[in-house]
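Novice: Order-wise, the sequence lines are chains F and V.
Per this note's numbering, the very first residue in the first sequence carries number 4; after that it's consecutive.
Per this note's numbering, the very first residue in the second sequence carries number 488; after that it's consecutive.
Take these hints with a grain of salt, some might be off.
[Claimed, not checked] Computed footprint of chain F on chain V, listed as stretches where at least three residues anywhere in the stretch have a Cβ under 8 angstroms from a Cβ of chain F: (1) 571-582; (2) 596-607; (3) 791-798.
No lab work stands behind these hints, which were simulated from the structure alone.
These numbers come from a predicted model, not from an experiment.
Just so it is clear, CB atoms sit at the ideal spot from N, CA and C, and this is done for glycine as well.
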Amino acid sequence: MLGLIILVGIFQSWNVALSIFNMCLISAVMTMGANIQWGYAGLINFGLMGYAALGGLAAVLISVEPVQEAWVAGGFSILMSLWLIVAMVLAIRFVLKNFEKSKIRTYGIATIIIAGIIIIRVTSETSIEAIENVNPATTGFLGGLGLPIMFSWIVGAFFAAGLAFIVGKVALGLRADYLAIATLLISEIVIAIIKHEDWLTRGVKNVIGLDRPVPYEIELQTKEWFINLVAKFNSGKLDLISSITDKQSALNQLVIEGSSVFVKLCYSGLFLIVVIALLIVTQKALYSPWGRMMRAIRDNEEAANAMGKNVVKQHLLIFILGSAIVGIAGAMLVTQDGLFTPGSYQPMRYTFLIWVMVIVGGSGNNLGAVLGAFIIWFMWVQSSPMGLWVVEMISNNVQDSNTWVEFLEDRVFYLRLIFMGTILLVIMRFYPSGILPEKNKEL
Amino acid sequence: MEFLNAIILLLNYIFMPALTYGSQLALGAIFVTLIYGILRFANFATGDMMAFGTMVTILFTWYFQSLGISLGVLPTALLAIPFAIVLTIGYMLLIDKFVFRYYRVSKSPPVQLAMVSIGVMFVTQAVVRIIIGPSDQRFFDGEKFIIKAGEFKEMTGLNEGLAIKSSQVLTIFVTIVLVSILFWFLNKTKTGKSMRAYSDNEDLALLSGIDPKRVVMITWIIAGILATIGGALYGLDKSFKPFTYFNNMLPIFAAAIVGGIGNPFGAFLGGYVIAFSEIFLTYAYKKFFMYVLPASMEPETLVQLLSTDYKFAVSFSILVIVLLYRPNGIFKGKVL
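Excised from the complex, chain F in its bound form (with noise of 0.2 angstroms):
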C-alpha cells in the first residue's frame, strides 16, 4: 500500500502523496472508531459524521479567537439559555424520578420539554440575532477560546463521547439494523444543528483560516536553515543547471513545493502519532480481559450475562470509547484543512466509506482496520484519475467520437462509487472477514 502511495509520489507529485498519505491516516483513525463498535461489540454506528462533525466543532471552539463584541452584544442570554436547558433536563430528571411510569408523566416530559423550547428561543432569539450581526462577514459568532489547536483532539474526543452518552442512552437497547438507522438519523440531527446554529458555528458560512500546529508555508520560504535544506536535498538536480539566475529561479520553484511536502511532512507526524499511539491502546485492550469479555459479549450476550457482565453498561461504554475516537479523527481533518466546512458532512463520506473501510479491512482486526483506511481511501481518490487516463487512452485511438468523450470524461468521476460497491460486495461475498480477519478465535 505504502508503495502504491510511493508511486503516486513519483508519477505524480510528492504534495499529492502526502495528502493522500494524510486522509489514509485521518481515515485509519475513523476506521478504527467503527472498527472498536463494531469488531469488539458488535454495534452499528451508521452516526459517524456526526461525531466526526462534533470533533471539528471542537477544533473551532478551541482555537478561535473569542469574539468579544459578539460576547458583549449576546453572550449574556446565551449563558442564560444554557442555564435554561441545564435547568430543562433537571426538571425532567427530577420528575422521571419522582413519579411512577404512567402517561401523565409522559405528558408532563412533553411539556416541560416545549414549553422549554419555546422559553428558549423567545429569550435567545434577539440576542442570537445581535451576535450574528456582529461583522457577519468575518465573524458573526462567538468565536472559540483561543487555545492551540492541539487541545482540540482531546476536547474533540469528549464532545464525541458525551454525544454517544446521550445516543447510547436511547438507542443502544434497539436491534442492530433499528440501531444503524436510529444512529443515522440521531447524526443527521447533529449536522443540521451545527449547520443551522449560526451563533455557534457560522453555519454554512464556515470557518476558515484556523490555527495551525505547524508552520505556514511562507514563513518557511524566508527562513534560512529550510532554504539551505532544500538546497542540500536537491544538489544534485541544482549542479546541472549552470547559470546563476536559472539557478536561483529553480531553487525557488524547489523552496515553495518543499515548503508545502514539509508542512503535510508535519502532519503525517502528528498523525501517524495518533494512529500508532491508538494501535497499541487498542491493540492492548483488545488482548485484555476487558477484550475477551467484549468479544464474549459479542458472542453469546446471554451467556456472557449469566456469567455476571453487565452487557448493557459494557455496550454502552465501548460506544463512546469508539465515537470519542471518532471525534478525534474529526478534529484531526478539521486541523490539517484549517477550515471547518459544516456542509460537507455527507453521510456517504463518513459514513458509509468508513463502513466500506472497516469491511474490507477485517472487522476486529485494527490492523485490518488500518490497512482498509488506506486501500478504500487510495482507491476512492485516485479512481478517478485513473478512469480519466483510461478515457484519454481511448480517445487518443478513437476518432471522431468527440460527444462520447466528453460524456465519459464528465461521468468518470463517479466510476469511484462504483468500485466502491463492487469491492464492498465482493468483499462480503468472498471474504467475509475482510483482508485480514480476525485471528484471535482461539484465545
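Given chain F, work out where chain V should sit, using these hints.
Specialist: Structure of chain V alone, referenced to chain F:
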C-alpha cells in the same frame, strides 16, 4: 370571511403540500417495509432505487417527447411510467439474483444483508449519475395548475388564493389508487396471503407449500412498482436530482419505522405523520394569526416553532421519540 381566509391559507401552505409530500413518502415507506417484512433487511439502497426508476421514467419521457407523443394536459411521464416500471423491476431482480439471493439462501443475519444493500446503494448511485448526470432535471409537461391562486381569488372573492398544482392532485390520486390495489392484493388474493404468511413465519409458510422464490419475486415486482411510481411522482412534483433522492431515504426510513416497520398500513400512515409534522412545526403562522386574531393581538414575530432548516430534524426527532416509547412503531410492526 377572515376565518375562511385563514383556512384557505392553511390549506394552501400546509395541507396540500403535506398531503403530497406524505403520499410520496408513504410509497417509499411501503417499499422499505415490504422489503423488511419479507426479505428481512433494512434496504439502504431505497432512495437510489427510486432514483433509478425515476431516471428510466425521464429517459422514456424524453424519448416520447422526441417522437412527439404527449398526453395533452397530463404529463408525458405518465405514459413513460409503465415502461420504466418494467425496466426497474428487471434491474431489481438482477440485483437480487446476483447479490441478495446468496445471503438469503445462506440465511445470513439481517445486518449483513443491510451492509450488502450499502454496496448496492453505491453501485446504483453510480449507475444513475453516470447515465443521467448529477444535475437537476425537470420533466413535468402538460398543464401545471388545476386552479391558479389568482383565479381562485376571483372566483371566491377571498384575499387568500388557493393554488392546486396538477402534480399534487396526480400524486394524491395515484397514491390512493395504488395503495388500495396493494392492500386488496395483500389481503384478498391468494398470492398476497401467501406473502403475508411468509413474512409472519417463514418456516411454517414453507411447510404449507408456499414457494419462497415466487414470494421473493413478487415482492421485488411490487417494490419496483412502488419505487418507480413514488420516485416519478416526487420528481414530477419537485424535480429529479439523484442527491435529493438519496437524502429522501432518511425521512422514508423514519416513516416506515414510525408506522411500525413490516406493517404496510403503518408505513402508509407513517408517511403522512412525518410529512404533516415536518410542515406543521416549521410553518410560520404569522399570517394565520393575523386573520384569526383581532388586530390588537396580532403577533410581531413569525410565530414559527422551528426554522425551516430543521425540517428533516423534525422527522428524525419524531422517530427517536417513537423508538423510545413504542419501539415497534405506532402501529405494531412485523405483521404484514
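Novice: Now tell me if each hint is right for this structure.
Specialist: We went through each hint and held it up to the structure:
1. Only when three residues or more bring their CB closer than 8 angstroms to a CB of chain F does the claim for the segment 571-582 of chain V stand; here the count is 0, and the claim is violated.
2. Judged by the Cβ-Cβ criterion of 8 angstroms, the segment 596-607 of chain V is covered by chain F as claimed, because 10 of its residues qualify and three suffice.
3. A count of 4 residues in the segment 791-798 of chain V with a Cβ less than 8 angstroms from any Cβ of chain F is obtained; the coverage claim is therefore met, three being the minimum.
Hint 1 from the earlier list is the only one contradicted by this structure; the remaining hints agree with it.
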